[in-house]
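Colleague: Take a look at the letters that make up each chain.
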Amino acid sequence: MARDRGEQNREWYATYKDDVKKEGKGFFPYAMLHDTIMGFVVVLVIIGLAIIWYWDADGVEPGVLGPLYTEPADPGTTDFVPRPDWYFYFLFYLLRIFEWPETVVIATVGIPTVLLILLLGLPFYDRSRERRPSRRPVAMIAAVLTVISMGVLTYKGATATEALGSELIVLVPEWAEEKGFADNDNAVEGARLFAVSGCLNCHIYLGSGVGALGAPDLSDVGDRYDQETLVRYLTNPAEFGNTVMGSYAYLGQENLNKLATFLDASTSDDG
Amino acid sequence: MAKRKTRRQQIVDLAVLAPLDWIDERTGAVRGTKWFLFRNVPRDVSWAQTLGFATLIAFLTQTLTGAILAMYYKPDPNSAYESIEHITNDLTLGWLVRGMHRWGASVFVILLFLHMGRVFLFGAYKYPRELQWITGVLLLATGMLMGFTGYLLPWDQTAYWATVVGINLNGTAPFAGPWLAQFLSSGPEIGGDTLAKWYALHMLLLPGAIFALIGVHLYLVTRLGVVSPPWSKEQAGRERPVAEPTGARAGLVRRGTEGGAK
Ligand code: HEM
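Chains as they are written, first to last, in numbering that gives the first Met the number 0: chain P, 0 to 270; chain D, 0 to 261.
This is chain P alone, in the form it adopts within the complex:
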C-alpha cells in the first residue's frame, strides 16, 4: 500500500539531513569561501557600473549608461516620453498590446496578479518530489516560455519610442477632427494634456476612458460650461461641489487655460 505523501516526504528529508551530517562539508569555511568571493564580485561589478556611468556621462548628456539625471521635473511638459526602470518594461509593453480602455486592465492588473499567484502557489501545485530538470518537462517548458516572453516584452518595451500617455495621446488628432478644433493650437495642446494627466482614469471622452467614481462623460462638456468656468472648475473642483476630483492647479495657469480651451471646444455641435 502506498504510504501517505507526508510520511514519504518526512522520510526523504530525514535521509537528506542524515547525508548532509555524514557526508557534507562545513558551511564554514567551504561554502562561506565561495559566498565571500561572490560577494566581492558583486560589489566590484556595482562599483564598475557606477564608474562607467559617471565618466561617460556629463550631467544631462547621456553616456553609455545614460545621463546622470535628466532635466528637472516639469508637470507642464506634454511631449516627454515616459520610461520606467528596465524591469518594468515588460509591463509597459503589455500596455501597448492591450487596448485602452476596455482590456488594459488585463495588462495592468490581470497578468501581474496571475503571475504572482502562480509564483506564490508553485510549491503547492507542483508537489512531486522529482527535482531533476530532465524529469520535469512541464516545469521546464513553462520556465523557458516565461523567460522568452519576458525577454521579448522587455526588449520591445526598451525599444518602443512612441509617446505613451497610455496610448491616449495618439487619439488626440482623432478627437481634434471629431470636435473640429484641429486649427486651434491651444485646444490641441490642451487635449494632449488631458490625455496624459490621468483624467481618463475617471472620465470618458469620445468612448475612451473608464467612467469610474461617477465621473461624467466629458465629450460634450463645452455645452455645460464656458472656458473661464472650466479653468475655475479645474483649479478648485470643490467649489462646484465635486469632492472626488482633486485640484489641477499645479498644472499652471497656462496649461489650465489650454485644457479649458480644449474642454470648451468639446461641444455637441461638432465642427
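Fair warning: there could be bad hints in the mix.
[Stated by the list, open to error] List time: in silico BS3-like cross-link candidates among lysine-lysine, alpha-carbon distance up to 27 Å:
no., chain 1, residue 1, chain 2, residue 2
1, D, 196, D, 73
2, D, 125, D, 232
3, D, 33, D, 4
4, D, 232, P, 24
5, P, 16, D, 33
6, P, 16, D, 232
7, P, 21, D, 33
8, P, 21, D, 125
The set of hints was computed from the structure by calculation and includes no laboratory data.
Since chain P is already given, all that's left is putting chain D with the ligand on it; use the hints.
Modeller: Same frame as chain P, but now just chain D with the ligand:
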C-alpha cells in the same frame, strides 16, 4: 582536578571566553552564531548556491549607500533635484555613492531573478522549503517596489513621467484602482506630498519589510539546509539502491529516527 592552565590560557579565558559566555548566557548569540556557521551543507554545493548570498550583498550595498544618500538628499520638490545635482557634482565621492545605489538597484533585481531561476531549476521550492520559496517571492515583489518608489526621488523628467504613468496604471485596477492612484499620488497632484510619501515607503517601510523577510529567509535556509544539484551523483538524500545501506556504511544510517520524524 583539571590541569593547571597556562598564563596564556588564563588571559584568553578572561578576555575572550568569559565575555562571550556572559553574552551567550543572556542572549544565546554565541550558540546562534555557531549554529549558523558550524553546520554542514551537502558536499556538492557550489557556485550556483552563492546567488542568494550575492543578492544579500547587493541589498546590503543598497542599504549602506542609501543611508549615505539620505544624509544629503532633500525630499521636497523644490530642492530634491538640486540635492541630487549637489550629491553628484560637489560632494567628495558623492557620484560614486549615488552611482552605486543607482546601478546596485539593477544588479539587485538581476540577482533576485537569477537566484530565483537557480531555485526553480534545482526544484528547491519543494517540501519542506515551501515557505522559503514564499518569503522569496515576497522579497522579489518588495524588491521591485523598491525600484518603483526609488525611481521618483531624483525628481527629474524621467522620474516624474515614469511615476505619472505608474500611478495611472495603478488607477486602472478595478474597484481599488482610483483609490490606489489617489493614495500613491496623495491628491491629484504629484508634488510634495507624493514625494514625501514615496520617500517614506522607499527608505522606511519597504526596506524594513525586506529586512524582516530576509531574516526569516535566512533562518529557514539555515534550519532546512540547501539542496544538492539535482543531477549530482552524490547528492544528499539520494535514493539508495537498497533500502538499507550496505558495506562499510551498514548500520550508520538510522532511517526515520532523526528530528521529529517518527
Ligand atoms: C533579498 C532577496 C533574497 C535573499 C537575500 C536571499 C538569500 C538566500 C540565501 C543566502 C540562500 C542560501 C542558498 C543560496 O544562496 O542559494 C537562499 C536560498 C533560497 N532562496 Fe533566497 N534570497 C532572496 C530572494 C529569494 C527569491 C526571490 C526566491 C524565490 C522566489 C528565493 C527562494 C529561495 C529558496 C527556495 C531557497 C532554498 C534553496 C535551496 O534549498 O537550495 N529567495 N536565499
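Colleague: Hint by hint, say whether it matches the structure.
Modeller: Hint-by-hint comparison with the structure:
1. With a C-alpha separation of about 13 Å, the suggested pairing of residue 196(D) with residue 73(D) holds against the 27 Å cut-off.
2. With a C-alpha separation of about 20 Å, the suggested pair residue 125(D) and residue 232(D) falls inside the 27 Å cut-off, and the hint holds.
3. Taken as a hint, the residue 33(D) and residue 4(D) pair is honoured in the structure, with Cα atoms around 25 Å apart against an allowance of 27 Å.
4. Restraint check for residue 232(D) and residue 24(P): satisfied, since their Cα atoms lie roughly 16 Å apart, inside the 27 Å limit.
5. Distance check on the hinted pair: residue 16(P) and residue 33(D) sit about 18 Å apart at the alpha-carbon level, within 27 Å; holds.
6. Restraint check: the Cα-Cα separation between residue 16(P) and residue 232(D) comes to about 17 Å, which is no more than 27 Å; the hinted pair holds.
7. Only pairs whose Cα atoms come within 27 Å are accepted, and residue 21(P) paired with residue 33(D) is accepted, the gap being roughly 18 Å.
8. Distance restraint check for residue 21(P) and residue 125(D): the Cα-Cα separation of roughly 23 Å lies within the 27 Å cut-off, and the hinted pair is therefore satisfied.
When the structure is compared with the earlier hints, no violation turns up for any of them.
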